[in-house]
Amino acid sequence: MKRTGQKVVDMRNITKKFGAFTANDNITLTVYKGEVHALLGENGAGKSTMMNILYGLYSATSGEIYIKEKKCNIESPNDAIANGIGMVHQHFMLVKPFTVMQNIILGMEPRTKFGTIDLKKAEQDVISISEKYGLIVDPHAKIQDITVGMEQRVEILKALYRGAEILILDEPTAVLTPQEITELMQILKNLTSEGKTIILISHKLKEIKEAADYCTIIRRGKQIDTVKVSDVTESELASKMVGREVSFKVDKKPKIPGETMLKIEALEVLDNREIITVNKLSLEVKAGEILGIAGIDGNGQSEFVEALTGLRKVKSGKIFMKGKDITNKTPREIFDHKISSIPEDRQKYGLVLDFNVAENFILENHADEPFAKSGILQHSRIFQHSENLIEKFDVRPKNSFKSARSLSGGNQQKVIIAREVTNDPELLIAVQPTRGLDVGAIEYVHSALVHQRDINKAVLLISLELDEVMNVADRIAVIYEGKIVDIFDAQNADMNQIGLMMAGGKS
Amino acid sequence: MKNLLKKFLKQFSNNVLLFTLISILLGLFIGAIVLLAAGFNPILAYSTIITGIFGKWKYISYTIIRATPLILTGLSITFAFRTGLFNIGAEGQYIVGSIGAAAAGYFFHLPMFIHIPIIILSALIAAGLWGGLAGFLKAKFGVHEVISTIMLNWIALYLQNLLVYTEGFQKPGGETSYDIQPTGIITLLNEWKLSEAGRAWFADHPILFDLFKTPVNFGFIIAIIVALVVWFTLRHTTLGYKLRAVGFNKNAAEYGGINVNKNMIISMSIAGGLAGLAGAVQVMGVSHNISLLAAMEGYGFDGIAVSLIGNNTAGGCVFAGLLFGALKYGGQKIQPAIGAPSEIVNIVIGTIVFFIAIPKLISLLIKIFRKKDNRNVR
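Chains A and B are the protein sequences, given in the same order. Residues in the first sequence are numbered consecutively from 1, following the working numbering. Residues in the second sequence are numbered consecutively from 508, following the working numbering.
In short, the hints are calculated from the structure, not lab data. As the structure is a computational prediction, the values presented were derived from the model and not from experiment. We put the CB at the ideal spot given by N, CA and C, even for glycine. A few of these clues could be false.
Said to hold, decoys possible - In silico BS3-like links for lysine-lysine, alpha-carbon gap of 30 Å or less:
id	chain 1	residue 1	chain 2	residue 2
1	A	Lys313	A	Lys142
2	A	Lys313	B	Lys678
3	A	Lys318	B	Lys769
Said to hold, decoys possible - Listed below are several chain B residues computed to face chain A (Cβ distance under 8 Å; list not exhaustive):
id	residue
4	His743
5	Leu746
6	Ala759
7	Gly763
8	Gly764
9	Ser798
10	Ala802
Pulled out of the complex, with its shape left as it was, chain A reads as follows (with noise of 0.2 Å):
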């Protein structure tokens, strides 16, 4: 395997110790110019902090950093974007009051002779990266009012308009649309065609197929190989990445749904902005059937499930579980009539971060026996019931004590599985359950899903991954601008058709 042309990063034999724990342990990673070169592991296996190193947020314990074949010492991320470095990372680091343009000049804000901020120019400034390379926003919303999908884009204008040549993304897809990936795949062609370099961090296997040149594979903090991605297949990919063979497959007998569990009357929904988000939206979901709801990001599925789990008031129509109204009641008594969700957000919704794995087992039951008794914690129960849990939902590392921060997201969504599950639900709403796990986590998820629909529980999956949905689910209901467009059963279901409908189209 021979590649030609500037050596943009090379990054010579890192080595990067936390304490005991070795999370790179003597990775080279090599990027030519106008690649887009794939760093592929699972999570926690040290891609992440490989270009956190990159981009000057941690320093390597040892090793060398080439940038275009000089070297080079980062040690800030100033450094970095000094170098031409730029980096999207997974959670967004936006000032959510501000609007798009406000974020993207933030710190290189164009100045005026006056030395005030040259609003015209950065706005100017702003819509010409944006139409160059495909990334349409609108300069003057704010960031609390867009969706994630915008969001990134945002990110991703940010370090064009700090004249970044060499791209980190980390898990850019996690949170887009299957258009929205079209729509990046096309973003990252017209990058590199202007001679731009990326690095992307991924763990999914066909958008690594799909985008990049090369690959770089890590497990568990060790470089397994770096590969030319028309080379290799997909499942020697995965196994390379895993270290065993994966079944991309959901295992699922069929199963004839019981009675009606959730019923949805004409919901109606308003969103932050008072617009109805949720239009007159009907839907049933039954006892022993998985049903999927496939749809673009921003059509109404947050607000949905806000109502549906008691955050958001309904605005008009009507919520049933078992025939019992649910319609605007709390949280806890929504909790209460055995409904049980697996929020979008798993670190600002899912768990408290600072509380330890035990603490955040028993977020809902903590003031249930056996863990509390007469408004006392009962410690030694607490502990006794997150240790089974950790074994049997095989959460790692191995520690009741350990913080939720400290784990890596394919863990944080076992905690939170396992709690939910725990609670014995007879509706389980699960939300964008996979988003940024990695194949390995996401065969545990998709499997969590199957048992709860093969013991007769109802299973609502709202996804915007069209894959997943397509996977798991027993019927699928497509949503548009708030409302069910139709419902197909998986078996007949169409992708193509569906994907049109995802996008407005008639059937």
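Once you have looked at the hints, place chain B on chain A.
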């Protein structure tokens, strides 16, 4: 040597206690520089302070008396802080608590074993409602607690001044209220030590005489018990779990079925009660009445620093309160002794808080130091 220093720094970056101690030393050090710049001998000044704290039994006793309300207001701020609320209102809650205590102490005529609990209870309720009001305003109307509690502080101050001048409560001819009934006083041996028998007995026991010359009282014991209760509540009760969950992550708490608004009100009420208790202890143990306030007394604001130095823990507040009380009490002695302004102590305290509030600075220093070290290795 370098290795040792590195090890030490590593320890220190992980260890809150050590970090606090270093901040205290830095505070004293900068205080010394200021003294030096003003033309005073810092060693002399500090030794005066230390003798002023430990030199006599009486001094120790005064230090503890000074520390008691600070521990309680510190606990008040700590409690709210753990729920993610910044209780700037401990000052006002303290005032309202002392009003409640003074009123219950003067107007009720009860046997001691009922009277004292009743006084404490009325202070707790009055100040609890005062604090809870800020919590309610936040929960119901989204008024930020910093704004509302600052305003409530002033309302409390003028309320006290109004009441002190109210007939039936005002001690004739004075700018204070009537003293509380003797049954409400928790000053140790308050009357006996002035009686014939008491004097005679103390003449034979000079150390105890020294100790009891001051208004030494049960307040400190109350503060310690309350600190234990606060620790237990936060760590071992479902209420503490809820409050901490709300403090760490409101969204997840709400998602998990915890009523965020209700718990904010509860937290502010308890925080208010704790600050009010400080006022009650002061009235029952030291002042025995309330007087016209020209300005805030500062117990509530000092409590913020106590809470910070105590790392927002119950146990930490006890030690920080003692430190604070000692510095404040000992510090006032440098003025008469060597002529240095006692405000120097405020500089020391300010610097300590400053260093504690910016742990980032310290970790940055460590990082720079380590990097240099790395390069040397290379």
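Report holds or violated for the interface hint on alanine 759 of chain B, using the least CB-CB distance to chain A and a cut-off of 8 Å. holds, 5 Å
Quick check on the hint: glycine 764 of chain B CB to chain A CB, less than 8 Å? holds, 4 Å
Supplied contact hint for histidine 743 of chain B, tested at 8 Å Cβ to chain A: With Cβ-Cβ at 5 Å, under 8 Å, it holds.
With a cut-off of 30 Å on the C-alpha distance, tell me whether lysine 318 of chain A and lysine 769 of chain B pass. holds, 27 Å
Holds or violated: is there a CB of chain A closer than 8 Å to the CB of leucine 746 of chain B? Holds: closest Cβ of chain A sits about 7 Å from leucine 746 of chain B, inside 8 Å.
So, as I understand it, the hint says glycine 763 of chain B touches chain A; can you test that by seeing if any CB pair is closer than 8 Å? holds, 4 Å
Take the C-alpha atoms of lysine 313 of chain A and lysine 142 of chain A, compute the straight-line distance between them, and say whether it is at most 30 Å. Answer holds: lysine 313 of chain A to lysine 142 of chain A is near 23 Å, not above 30 Å.
Between the alpha carbons of lysine 313 of chain A and lysine 678 of chain B, is the straight-line distance 30 Å or under? violated, 56 Å
Interface restraint verdict for alanine 802 of chain B against chain A (beta-carbon cut-off 8 Å): violated, 37 Å
Quick check on serine 798 of chain B please, does its C-beta sit within 8 Å of some C-beta on chain A? It is violated, given that the least Cβ distance between serine 798 of chain B and chain A is near 40 Å, above 8 Å.
Hint check: violations occur at hints 2, 9, 10; the rest are consistent with the structure.
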